[in-house]
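Engineer: Spelled out from the first residue to the last, the chains are:
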Amino acid sequence: MIRKSFLFAAAAVGLAAPASAHNAWLLPSTTVLSDTGQSVTVDMGASTAPFEANHAALPAENVKVWAPDGTMGKIENAARGRYRSTFDVKIDKSGTWRIGMENNTIAGMFKVDGETWMVGRRRGPAPSQGAEPARPVAAPPSAQQASPGGRPQIDPSRMVASVDDIPAGATDLALTETTGRNEFFVSAGEPNEVLFKPANKGLEFVPVTMPTDLVANEPGQFRFLVDGKPAAGLEVEVIPGGRRYREADQTQKLKTDGQGLLTVNWPGAGFYWLNASHSDDKPSHPKAAKRRMTYTATLEVLAP
Amino acid sequence: MKKSLILAAGVIATPATAGTITVTIPRIAVSEYHVPYVAAWIEPVGGGAARTLALWYDIDKVGNEPGTKWLADLRTWWRKGGRSLKLPADGVSGATRAPGAYRIPIPANIKPGAYTLHVEAAREDGGRELVSVPLTIPAANGRASGKTELGAITISAR
Chain A
573 MIRKSFLFAA
583 AAVGLAAPAS
593 AHNAWLLPST
603 TVLSDTGQSV
613 TVDMGASTAP
623 FEANHAALPA
633 ENVKVWAPDG
643 TMGKIENAAR
653 GRYRSTFDVK
663 IDKSGTWRIG
673 MENNTIAGMF
683 KVDGETWMVG
693 RRRGPAPSQG
703 AEPARPVAAP
713 PSAQQASPGG
723 RPQIDPSRMV
733 ASVDDIPAGA
743 TDLALTETTG
753 RNEFFVSAGE
763 PNEVLFKPAN
773 KGLEFVPVTM
783 PTDLVANEPG
793 QFRFLVDGKP
803 AAGLEVEVIP
813 GGRRYREADQ
823 TQKLKTDGQG
833 LLTVNWPGAG
843 FYWLNASHSD
853 DKPSHPKAAK
863 RRMTYTATLE
873 VLAP
Chain B
7 MKKSLILAAG
17 VIATPATAGT
27 ITVTIPRIAV
37 SEYHVPYVAA
47 WIEPVGGGAA
57 RTLALWYDID
67 KVGNEPGTKW
77 LADLRTWWRK
87 GGRSLKLPAD
97 GVSGATRAPG
107 AYRIPIPANI
117 KPGAYTLHVE
127 AAREDGGREL
137 VSVPLTIPAA
147 NGRASGKTEL
157 GAITISAR
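So the protein lines, in turn, are chains A and B. In this text, residue positions in the first sequence follow our numbering: the first is 573, and each later residue adds one. In this text, residue positions in the second sequence follow our numbering: the first is 7, and each later residue adds one.
A couple of the hints might just be wrong.
[Stated by the list, open to error] Listing some non-contacts, in silico: residues in chain A with all C-beta distances to chain B over 10 Å:
(1) Gln610
(2) Lys683
(3) Thr688
(4) Trp838
(5) Phe843
[Claimed, not checked] If you want a taste of the chain B side facing chain A, the calculated C-beta under 10 Å gives, among others:
(6) Lys67
(7) Asn70
(8) Glu71
(9) Trp84
(10) Arg85
(11) Thr122
Everything labelled a hint here was simulated from the structure, so no lab data went into it. Positions of the beta carbon are idealized from the N, C-alpha and C atoms, including for glycine.
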């Protein structure tokens with residue numbers, strides 16, 4: 573199963589994250605709270621169908637909490653199960669919170685004296701741990717963190733952990749910067765938009781419809797930006813939870829309009845997994861040549 | 007606090023009203039019955055801010071799980087403006103009601119015009135229902151009925 577996920581993760585890169593990838597998801601207990609005396613409890617994992625804990629847990633330590641006043645909050649009661657992790661967040665300030673993971677990595681190849689080296693990949697596990705000794709180039713299970721597949725196997729001794737470790741004499745740098753965000757929103761009391769101010773860096777999701785005010789009979793609208801400019805024609809995938817209770821996955825493949833605006837009509841109430849990715853050749857790191865950006869949100873849609 | 011309860015219930019007619027709304031909470035035969043949370047509010051037909059006329063909830067419950075915790079279960083009212091109401095609100099907040107018919111006076115200071123009256127009920131271990139009725143100010147007679155959590159909703163000119 574793990575092997576399969578690596579293949580899927582690798583395949584995901586060229587194909588803009590197909591639904592068959594093992595996708596990382598966050599599933600909060602609720603997104604709308606009456607007051608500031610409560611907590612949300614959250615499941616997180618990676619699996620083919622969003623929110624179905626049947627494949628791999630993800631580390632809750634990677635979760636960040638942005639409180640509505642712009643300060644950083646924290647997670648509590650983190651625990652890791654076999655297929656999902658769980659944590660709580662005390663929602664002790666009124667307004668709209670963002671809770672999720674960010675990643676920013678640089679991966680790829682370079683050459684030293686004609687030999688191909690690799691950067692940014694996890695080294696293969698030590699032989700004593702032994703789960704996958706034959707696959708030193710294994711990608712992390714999250715499709716988000718995957719980098720181009722189909723590469724030759726590299727001896728672990730020719731790998732460096734980060735771009736800073738590339739030796740001085742390296743040539744033929746072919747590096748891709750990968751950035752991603754995977755999050756959900758919670759509002760306590762009156763929502764606010766303090767956290768929706770774009771940083772104008774990379775791929776960003778700017779709600780037009782308040783993401784904690786989504787209702788099944790009203791379309792939700794969200795703007796996507798790349799470096800602060802509207803991401804026109806961006807492909808966005810929207811998948812409702814509860815896939816195993818349906819015949820079809822009901823994935824909606826949508827596109828933003830000329831102003832980067834996405835309009836989503838919800839087939840019903842429930843949790844939705846929204847995912848977009850975009851690649852270009854404008855990385856922020858000078859040594860990288862390409863950039864791949866992903867954005868994922870879990871959205872709760874209420875019945876009218 | 008007492009005063010607000012009485013006003014909201016309409017037991018004593020307020021001096022100036024623009025009409026009366028009657029909300030019926032039906033008797034429901036279930037083994038575990040809890041009285042519903044109910045909100046009644048109006049919204050201008052042409053759009054604009056909602057105004058809450060009555061909110062019946064577990065007003066006295068405090069502690070770890072205060073009565074306000076479940077107000078968001080009145081999910082449409084909550085989204086349409088309930089969440090910005092400071093509670094308890096004079097003349098609006100009141101205790102939950104047992105099955106029966108209750109009158110809510112329409113405040114006299116509502117501008118004449120076309121509105122929609124919404125009444126939403128949510129019951130612990132039960133359902134949730136929203137009933138909407140056109141309402142003009144000055145009030146003319148109107149009537150609608152819920153199917154599950156709400157009974158007859160009537161509007162009368164006085």
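Engineer: What are the numbers of the hints that this structure violates, sorted from low to high?
Structural biologist: Of the numbered hints, 1, 6, 11 do not hold.
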